[in-house]
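**Q** One line per chain: the protein sequences are A and B, in this order. Residues in the first sequence are numbered from 1 upward in steps of one, following my numbering. Residues in the second sequence are numbered from 344 upward in steps of one, following my numbering.
Careful, some of the hints might be misleading.
Said to hold, decoys possible - Examples of chain A residues toward chain B, derived with CB under 8 Å:
no., residue
1, S58
2, N60
3, V79
4, T94
5, E117
6, K192
7, E194
8, V314
9, E315
10, V322
11, G324
12, D327
Unchecked claim - Per label pair, the in silico range of CB-to-CB distance:
no., chain 1, residue 1, chain 2, residue 2, range
13, B, P382, A, K189, 34 to 42 Å
14, B, N460, A, D311, 30 to 38 Å
15, A, R280, B, E544, 26 to 34 Å
16, B, Y424, A, D335, 39 to 47 Å
17, A, E194, B, K459, 54 to 62 Å
18, B, K396, A, K189, 45 to 53 Å
No wet-lab data here; the hints were simulated from the structure. Positions of the beta carbon are idealized from the N, C-alpha and C atoms, including for glycine.
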Amino acid sequence: MNLQGKKIQVHDMSLRDGMHPKQHQITVQQMVEIAVAMDEAGIPLIEVTHGDGLGGASVNYGFPAASDQEYLTAVCKAVKKTRVSALLLPGIGTVDHLKMAVDCGISTIRVATHCTEADVSEQHISMASQISGLDTVGFLMMAHMIPAEELVVQLKLMESYGANCVYITDSAGYMLPDDVTSRVALARKELKPETELGFHGHHNLGMGIANSLAAVEAGATRIDGSLAGLGAGAGNTPLEVFLAVCDRMGVETGVDLFKAMDVAEDLIVPLMDHMVRVDRDSLTLGWAGVYSSFLLFAKRSAAKYGLSARDILVELGRRRTVGGQEDMIEDLAMDMARARDSA
Amino acid sequence: MSNKIRAAIIGPGNIGTDLLMKAMRSDVIEPVWMVGVDPESPGLARARDMGIKTTCEGVDGLVPHMREDNIQICFDATSAYVHADNSRKVNAEGAVMIDLTPAAIGPFCVPPVNLKNAVAERAMNVNMVTCGGQATIPMVAAVSRVQAVSYGEIVATVSSRSVGPGTRKNIDEFTRTTAKGVELIGGAQQGKAIIIINPAEPPLIMRDTIHCLTVDEPDQEAITRSVHEMVAEVQKYVPGYTLKNGPTFDGKRVSIYMEVAGLGDFLPRYAGNLDIMTAAGLRTAEMYAEEILAGRFVPTAA
Chain A
1 MNLQGKKIQV HDMSLRDGMH PKQHQITVQQ MVEIAVAMDE AGIPLIEVTH GDGLGGASVN
61 YGFPAASDQE YLTAVCKAVK KTRVSALLLP GIGTVDHLKM AVDCGISTIR VATHCTEADV
121 SEQHISMASQ ISGLDTVGFL MMAHMIPAEE LVVQLKLMES YGANCVYITD SAGYMLPDDV
181 TSRVALARKE LKPETELGFH GHHNLGMGIA NSLAAVEAGA TRIDGSLAGL GAGAGNTPLE
241 VFLAVCDRMG VETGVDLFKA MDVAEDLIVP LMDHMVRVDR DSLTLGWAGV YSSFLLFAKR
301 SAAKYGLSAR DILVELGRRR TVGGQEDMIE DLAMDMARAR DSA
Chain B
344 MSNKIRAAII GPGNIGTDLL MKAMRSDVIE PVWMVGVDPE SPGLARARDM GIKTTCEGVD
404 GLVPHMREDN IQICFDATSA YVHADNSRKV NAEGAVMIDL TPAAIGPFCV PPVNLKNAVA
464 ERAMNVNMVT CGGQATIPMV AAVSRVQAVS YGEIVATVSS RSVGPGTRKN IDEFTRTTAK
524 GVELIGGAQQ GKAIIIINPA EPPLIMRDTI HCLTVDEPDQ EAITRSVHEM VAEVQKYVPG
584 YTLKNGPTFD GKRVSIYMEV AGLGDFLPRY AGNLDIMTAA GLRTAEMYAE EILAGRFVPT
644 AA
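Full structure from sequences and hints, please.
**A** As structure tokens, this is what we get:
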């Protein structure tokens, strides 16, 4: 693979996707400290939001240590060169949240839907694209669930609403490099040349780096990852590892590799409540094609009802659950426990 | 003199057609008009086949006929964006408007919780909140009538096939309107609503999760009894309203897991979200019709 001379923008997820393994309990002070260190390392863009996006504070997903507004205000003020993005899932957050985040000083809004449901983002993407200077990104989650041809139709919808960049998002960490190549390459061929393409990976099958490289080769110019992999499931593409590989392959990221490694080792790893890694349950997510943030919910329900988290996750995959259906996990666990007890 | 109140349905889409089929069976409502904007609309063709008068000129095509046809109740199954206009026009002709869009310009109505109050207010426009609201607000109310609820949250998961273009263009109105209904009608001090659209095939039956945080420790026995009673009330007009799990208790959290299957009149059974809207809308209209027939209420132009 020859990627020599390609220029990409990396986007760190630690302070948004990383909220999942932290059960949304990262403090404002911790966020500021990490954001400042990432700024010094030259990471161009970082995402700061509740793990489930703006307005995610809920019984269903978890109440965070601080509000989106408190996090965004503090981080946007603290960083100098690094720009800040927020995530919004229509159905959870609204354009009111979007406006609030813009007022806090974000540069980028990412509007995320399930891969087949892009049309629920029209309201939000079209509004965002009319805000002067706001980088507006459409983000199609669980992109493994439909073939490339169908995915491109949905990406084009987001482009038509006004997104200047669209993402293929492997929320379940299920994709293999060929899955990424076929989707990104077809999107690159079919979308307007000025529309940027991004890839968001999860490391559940250990494919975060390989998939991100495949995306770059096929035409993606934005790659998501998180330092030390702090993210849902087995984490996002571990960003410092990806940066090192980019360095070896001559891909230009503009990030100081050693400083990024230091942030991962000195600030992110000590923050972890558990080692974010490929283990039995996070591997199951990738194998079964399950939304990565279901991991801790499945573990908790498994413990409460005396079940195996792997069994719960496999069944959630079989039922083709989508992002946001966290409420189905305890519901399913109760059904499984009842079936076991009556057997 | 007919012993039924004559009605018009605006919006010949999925909701409008399902509502028409239910209204045809009503003892007190007689659907007379179906109103659309597209001459090629399959919904208008279906209505014509069922012997219903149709117009493809929108509400303006209906208005000149309302008095001669004695239309006293209209249902709006279009979208929030055009509802206010529609409502003003039919109210001016002396008809009550039952609003099935999330526009919510009139008082909210969730039949088993506040239908009697809504009808007693004699409002010329009542709003049916949202499908998620109809499915969940009775459960929030079932908890809040036992003890104070500081926070009520609902998660509605619906099949992709059951979510029409109006809702898709309008998803913020769904979350806002439902959350407001959880507060105003459900009785939670603070409300939150989440909607998830799932494209799985075969389509999943509507699922709803209701989480309430009570102010004091929940009275488990009283809440459980209240929830079961409320489920039975909703089942009177939506037989497929089913308690799947719960109520479960975790500290001050009360969680209730519902499944809502429709009658399968026009859309398949999985679209319980549409069925509960049309069933609730019709139930509301019937209460109005009974008041009109009994001479206790004369809808008049504002």
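**Q** Run every hint past the structure and note whether it holds.
**A** A quick look at each hint next to the structure:
1. Interface restraint check for A:S58: the shortest CB-CB distance to chain B comes to about 6 Å, inside 8 Å, so the restraint holds.
2. Among the interface hints, the one on A:N60 holds; its C-beta lies about 5 Å from the nearest C-beta in chain B, closer than the 8 Å criterion.
3. Residue-level restraint check for A:V79 is violated (minimum Cβ-Cβ distance to chain B is 29 Å; threshold 8 Å).
4. Interface restraint check for A:T94: the shortest CB-CB distance to chain B comes to about 4 Å, inside 8 Å, so the restraint holds.
5. The interface hint given for A:E117 is met, as the beta carbon of that residue sits about 5 Å from the closest beta carbon of chain B, less than 8 Å.
6. A hinted interface residue such as A:K192 counts as satisfied when its beta carbon comes closer than 8 Å to some beta carbon of chain B; here the least separation is about 23 Å, so the hint is violated.
7. With its C-beta approaching chain B no nearer than about 26 Å, A:E194 sits outside the 8 Å limit, and its interface hint is violated.
8. A distance limit of 8 Å between C-beta atoms decides the matter here; for A:V314 the minimum to chain B is near 16 Å, and the interface restraint is violated.
9. For A:E315, the shortest C-beta to C-beta distance to chain B is roughly 13 Å, which exceeds 8 Å, and the interface hint is violated.
10. Interface hint at A:V322: satisfied, since its Cβ lies 5 Å from the closest Cβ of chain B, which is below the 8 Å cut-off.
11. Given hint, A:G324 at the interface with chain B, holds; its Cβ is 4 Å from that chain's nearest Cβ, closer than 8 Å.
12. Given hint, A:D327 at the interface with chain B, holds; its Cβ is 4 Å from that chain's nearest Cβ, closer than 8 Å.
13. The hinted range of 34 to 42 Å is satisfied by B:P382 and A:K189, whose Cβ atoms lie roughly 39 Å apart.
14. Between B:N460 and A:D311 the beta carbon distance is about 47 Å. The supplied range of 30 to 38 Å is therefore violated.
15. Checked against the hint of 26 to 34 Å, the pair A:R280 and B:E544 passes, with Cβ atoms roughly 30 Å apart.
16. At about 40 Å, the CB distance of B:Y424 to A:D335 agrees with the hint of 39 to 47 Å.
17. Between A:E194 and B:K459, the C-beta spacing of about 59 Å keeps the proposed range 54 to 62 Å intact.
18. Between B:K396 and A:K189, the C-beta spacing of about 51 Å keeps the proposed range 45 to 53 Å intact.
Of the numbered hints listed earlier, those contradicted by the structure are 3, 6, 7, 8, 9 and 14.
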